Amino acid sequence: MGDKSPKSTQKKASQKQSKNDASAQKKQSLITSQQATKAKAAAAKKK
3 MGDKSPKSTQ KKASQKQSKN DASAQKKQSL ITSQQATKAK AAAAKKK
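Under our numbering, the first residue of the sequence shown is numbered 3, with each subsequent residue one higher.
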């Protein structure tokens, strides 16, 4: 079953964490851009 030393498990955990962070960042930027688009549309309607 691979290496069970604390160092390798630590490394795996940090890799998993950074992968999660990257996907969360992508989601957040997508949401932000959608909100910006909606805000622009609303501003255009008001004028």
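Rather than coming from a laboratory, the hints here were simulated on the basis of the structure.
Among the hints, erroneous ones may be present.
[What the hints assert, rightly or not] DSS-like mimics (lysine-lysine), calculated; alpha carbons at most 25 Å apart, straight line: (1) Lys28 with Lys40; (2) Lys18 with Lys28; (3) Lys6 with Lys21; (4) Lys14 with Lys29; (5) Lys18 with Lys6; (6) Lys18 with Lys29; (7) Lys28 with Lys13; (8) Lys29 with Lys42; (9) Lys28 with Lys6; (10) Lys40 with Lys29; (11) Lys42 with Lys21; (12) Lys28 with Lys9.
These numbers were taken from a predicted model, which means no experiment stands behind them.
Against the structure, the hints come out as follows:
{"no.": "1", "hint": "Lys28 with Lys40", "verdict": "holds (19 Å)"}
{"no.": "2", "hint": "Lys18 with Lys28", "verdict": "holds (16 Å)"}
{"no.": "3", "hint": "Lys6 with Lys21", "verdict": "holds (21 Å)"}
{"no.": "4", "hint": "Lys14 with Lys29", "verdict": "holds (23 Å)"}
{"no.": "5", "hint": "Lys18 with Lys6", "verdict": "holds (16 Å)"}
{"no.": "6", "hint": "Lys18 with Lys29", "verdict": "holds (17 Å)"}
{"no.": "7", "hint": "Lys28 with Lys13", "verdict": "holds (23 Å)"}
{"no.": "8", "hint": "Lys29 with Lys42", "verdict": "holds (20 Å)"}
{"no.": "9", "hint": "Lys28 with Lys6", "verdict": "violated (32 Å)"}
{"no.": "10", "hint": "Lys40 with Lys29", "verdict": "holds (17 Å)"}
{"no.": "11", "hint": "Lys42 with Lys21", "verdict": "violated (32 Å)"}
{"no.": "12", "hint": "Lys28 with Lys9", "verdict": "violated (29 Å)"}
Violated hints, in rising order: 9, 11, 12; the structure is consistent with all others.
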